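In the order they appear, the protein sequences are chains A and B.
Anchor point for the first sequence: position 17 equals 17 in my numbering, and the numbering is continuous, going up by one each time.
Anchor point for the second sequence: position 114 equals 1114 in my numbering, and the numbering is continuous, going up by one each time.
For the record, the hints were derived by calculation from the structure and aren't laboratory data.
Please note that a few of the clues may not be correct.
[Claimed, not checked] Below, in silico cross-link-like pairs of lysine-lysine (PhoX-like), each with a Cα-Cα straight-line distance of 25 Å or less:
{"id": "1", "chain 1": "B", "residue 1": "Lys1269", "chain 2": "A", "residue 2": "Lys92"}
{"id": "2", "chain 1": "B", "residue 1": "Lys1044", "chain 2": "B", "residue 2": "Lys1060"}
{"id": "3", "chain 1": "A", "residue 1": "Lys44", "chain 2": "A", "residue 2": "Lys79"}
{"id": "4", "chain 1": "B", "residue 1": "Lys1044", "chain 2": "B", "residue 2": "Lys1156"}
{"id": "5", "chain 1": "A", "residue 1": "Lys114", "chain 2": "A", "residue 2": "Lys60"}
{"id": "6", "chain 1": "A", "residue 1": "Lys166", "chain 2": "A", "residue 2": "Lys114"}
{"id": "7", "chain 1": "A", "residue 1": "Lys161", "chain 2": "A", "residue 2": "Lys44"}
{"id": "8", "chain 1": "A", "residue 1": "Lys156", "chain 2": "B", "residue 2": "Lys1111"}
{"id": "9", "chain 1": "B", "residue 1": "Lys1166", "chain 2": "A", "residue 2": "Lys156"}
{"id": "10", "chain 1": "A", "residue 1": "Lys79", "chain 2": "A", "residue 2": "Lys60"}
{"id": "11", "chain 1": "B", "residue 1": "Lys1092", "chain 2": "A", "residue 2": "Lys269"}
{"id": "12", "chain 1": "A", "residue 1": "Lys92", "chain 2": "A", "residue 2": "Lys79"}
{"id": "13", "chain 1": "A", "residue 1": "Lys44", "chain 2": "A", "residue 2": "Lys60"}
{"id": "14", "chain 1": "A", "residue 1": "Lys114", "chain 2": "A", "residue 2": "Lys79"}
{"id": "15", "chain 1": "B", "residue 1": "Lys1303", "chain 2": "B", "residue 2": "Lys1269"}
{"id": "16", "chain 1": "A", "residue 1": "Lys161", "chain 2": "B", "residue 2": "Lys1114"}
{"id": "17", "chain 1": "A", "residue 1": "Lys237", "chain 2": "B", "residue 2": "Lys1044"}
{"id": "18", "chain 1": "A", "residue 1": "Lys161", "chain 2": "A", "residue 2": "Lys114"}
{"id": "19", "chain 1": "B", "residue 1": "Lys1156", "chain 2": "B", "residue 2": "Lys1111"}
{"id": "20", "chain 1": "B", "residue 1": "Lys1060", "chain 2": "B", "residue 2": "Lys1114"}
{"id": "21", "chain 1": "B", "residue 1": "Lys1237", "chain 2": "A", "residue 2": "Lys92"}
{"id": "22", "chain 1": "A", "residue 1": "Lys60", "chain 2": "A", "residue 2": "Lys92"}
{"id": "23", "chain 1": "B", "residue 1": "Lys1079", "chain 2": "B", "residue 2": "Lys1092"}
{"id": "24", "chain 1": "B", "residue 1": "Lys1079", "chain 2": "B", "residue 2": "Lys1161"}
{"id": "25", "chain 1": "B", "residue 1": "Lys1237", "chain 2": "B", "residue 2": "Lys1269"}
{"id": "26", "chain 1": "B", "residue 1": "Lys1044", "chain 2": "A", "residue 2": "Lys166"}
{"id": "27", "chain 1": "B", "residue 1": "Lys1044", "chain 2": "B", "residue 2": "Lys1092"}
{"id": "28", "chain 1": "A", "residue 1": "Lys166", "chain 2": "B", "residue 2": "Lys1092"}
{"id": "29", "chain 1": "B", "residue 1": "Lys1303", "chain 2": "B", "residue 2": "Lys1114"}
{"id": "30", "chain 1": "B", "residue 1": "Lys1156", "chain 2": "A", "residue 2": "Lys156"}
Here the structure is a predicted model, which is why all the values come from computation and not from measurement.
Protein chains: 2
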Amino acid sequence: MTSALFDLHAPHIEPSSMTAFAGNGLERRSENRDENCVEEALSKQGSHILAFSGRNLVLKHDRQVLDPLFAPYELAELKPEFDDAILLGYYKNGEPRLAVPVRAPAEDIEKHYKIADGRTLYRDQLISEELLGEFAQGAALIAWNFDNRFCGRCGKPMEMKIGGYKRVCSGCEHMIFPRTDPVVIMLVVDEERDLCLLGRGAHFAPGMYSCLAGFVEPGETIENAVRRETREESAIKVGRVRYHASQPWPMPHTMMIGCFGEALSRDIKRDEAELEDCRWFTRQEMADMLDNSGANGSSPPPKGAIAHRLMRDWLEWGA
Amino acid sequence: MTSALFDLHAPHIEPSSMTAFAGNGLERRSENRDENCVEEALSKQGSHILAFSGRNLVLKHDRQVLDPLFAPYELAELKPEFDDAILLGYYKNGEPRLAVPVRAPAEDIEKHYKIADGRTLYRDQLISEELLGEFAQGAALIAWNFDNRFCGRCGKPMEMKIGGYKRVCSGCEHMIFPRTDPVVIMLVVDEERDLCLLGRGAHFAPGMYSCLAGFVEPGETIENAVRRETREESAIKVGRVRYHASQPWPMPHTMMIGCFGEALSRDIKRDEAELEDCRWFTRQEMADMLDNSGANGSSPPPKGAIAHRLMRDWLEWGA
């Protein structure tokens, strides 16, 4: 059925589903989390665990095959902290999936296992899209629980509740819930001249250009955040804003909100503290960059990055 | 100029701009915040202050007129905590705007002033849209700074930095930044039967129905959060998702992300712990509710609520 409300994308694939870390297919059953859910999940047949060394994932490897799924008994030599275990959800066949921090020193773990951070996991495609999505959920919750061991109001220790989704202060009973940081990332388009705006930070890989981005501020709408960040970083004035896609970005617990922005001005004045360069790209330059990375000296963010999605979809829109 | 990319709304008014708390017009100058910005702002001619008693706003009143803007010297009897002052930004004419917590007891303040919480400010339209937006920014930052006086990692006191937008631990130097909690709120539409799905929580005003809603979980896209929350609360399966509008919701620091969802199933099974009722509404029932609140026994969320916007815009879309 065609629909004025929902026919926004051509082809009809949800752009968010084509970003890295978005493939989590676990059934979370968030409404059923309670004080026993972790213990029950750990004792259930077929439960599997993602093991975290700090914020990084531990992987078993057997010749070429990398496997991040541990059965509970396989964790022993990694020194698992089962008291800090987090229930991620349930696989289609009902098997529980958990995330567990381990405290064996990284150098000991690396004798028999591989340790990888989130960027490496996705850029080098070390695990499937589904597992990347489960990693994103686990990494965010491990980081949040670690960063909130003490109460922000009174300084007393906090206790983990309902499988890692709530913490309660042992002193003043203050309750907190997992944190997700919204960031806007935007491809600003000058439709009249058929150009789009990209910048590069000093910390980028050589030659790489990407979309401008920044945290949503307290008391801001998505659209106002897009306009403010673009103005602050490039002095370009943005009019209309169109939401395009979102992406979990677990470093440590961000949600990227990808938008197109309508450029209303042309003269760039970049924020020199943030950007090393900022300029307009033609459709042809963008196509060269995406299809033949590096040929003209500039390269895009890796496939799977939401900035890559915005750049690719702008090209396809015009085609 | 007509545009395939940006012509999404008819009439061409950004839906986010028609929600309450979205009217903040201050220039934030976020890239220029430093250790002196509050002191400089306070000493500048024409600086004005929003005074917070806990999480509520203090208002001067003179017969009918309510005024929340204090000059620095006017705060004395409220016992202002200038050490915890937050720089909100700058008014069009360059005058700084700040938020300052005050510690005089509420009962003393109320002898000469009015104190109002966020819901009352917006529902009773006590202040302008612009000031509501400034309140949203201030309330979020006041709450976040108050809730993070101690370090979550080590329990030592944290210090406020750069005008209230960063806190640094006096012990371990851990740094934290303001928190904004993304919530999805969705009007789920059955296009074939021309119906939409609304529910009511037990704590709602009598007869009020609204959109389903819930916090975005760690490692989730906006679209997946819409599908999961709808499934958990009503058992209705959602296919495509269309972003419509966002809204700052400063109780204490939420960002509402309003979407339309495409219903793929019909049989409702409500989450009895969350909802007192959940049912399909016809276009006519929705029109009656919005235009003639209460006439048929049900009423919508107040104007300015993003749920009201989604309901009204669904009606207009079909018109």
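Now the hints, each set against the structure:
1. B/Lys1269 with A/Lys92: 21 Å, holds
2. B/Lys1044 with B/Lys1060: 22 Å, holds
3. A/Lys44 with A/Lys79: 21 Å, holds
4. B/Lys1044 with B/Lys1156: Not satisfied, since the Cα-Cα distance of roughly 34 Å exceeds 25 Å.
5. A/Lys114 with A/Lys60: Given that 25 Å is the threshold and the Cα spacing comes to 7 Å, the pair holds.
6. A/Lys166 with A/Lys114: At roughly 31 Å apart (the allowed maximum being 25 Å), A/Lys114 and A/Lys166 break the hint.
7. A/Lys161 with A/Lys44: 20 Å, holds
8. A/Lys156 with B/Lys1111: 36 Å, violated
9. B/Lys1166 with A/Lys156: 21 Å, holds
10. A/Lys79 with A/Lys60: The hint holds at about 15 Å.
11. B/Lys1092 with A/Lys269: 21 Å, holds
12. A/Lys92 with A/Lys79: 29 Å, violated
13. A/Lys44 with A/Lys60: 22 Å, holds
14. A/Lys114 with A/Lys79: Between A/Lys114 and A/Lys79 the Cα gap is close to 16 Å, so the pair holds against 25 Å.
15. B/Lys1303 with B/Lys1269: Violated - the C-alpha atoms of B/Lys1269 and B/Lys1303 are around 29 Å apart, more than 25 Å.
16. A/Lys161 with B/Lys1114: 39 Å, violated
17. A/Lys237 with B/Lys1044: 28 Å, violated
18. A/Lys161 with A/Lys114: This hinted pair is violated, its Cα atoms lying about 30 Å apart.
19. B/Lys1156 with B/Lys1111: Violated, at roughly 38 Å.
20. B/Lys1060 with B/Lys1114: 7 Å, holds
21. B/Lys1237 with A/Lys92: 16 Å, holds
22. A/Lys60 with A/Lys92: Judged against 25 Å, a Cα distance of about 23 Å means the pair holds.
23. B/Lys1079 with B/Lys1092: 29 Å, violated
24. B/Lys1079 with B/Lys1161: 22 Å, holds
25. B/Lys1237 with B/Lys1269: 11 Å, holds
26. B/Lys1044 with A/Lys166: 43 Å, violated
27. B/Lys1044 with B/Lys1092: 15 Å, holds
28. A/Lys166 with B/Lys1092: 42 Å, violated
29. B/Lys1303 with B/Lys1114: 23 Å, holds
30. B/Lys1156 with A/Lys156: 10 Å, holds
Consistency note: the structure conflicts with the earlier hints numbered 4, 6, 8, 12, 15, 16, 17, 18, 19, 23, 26 and 28.
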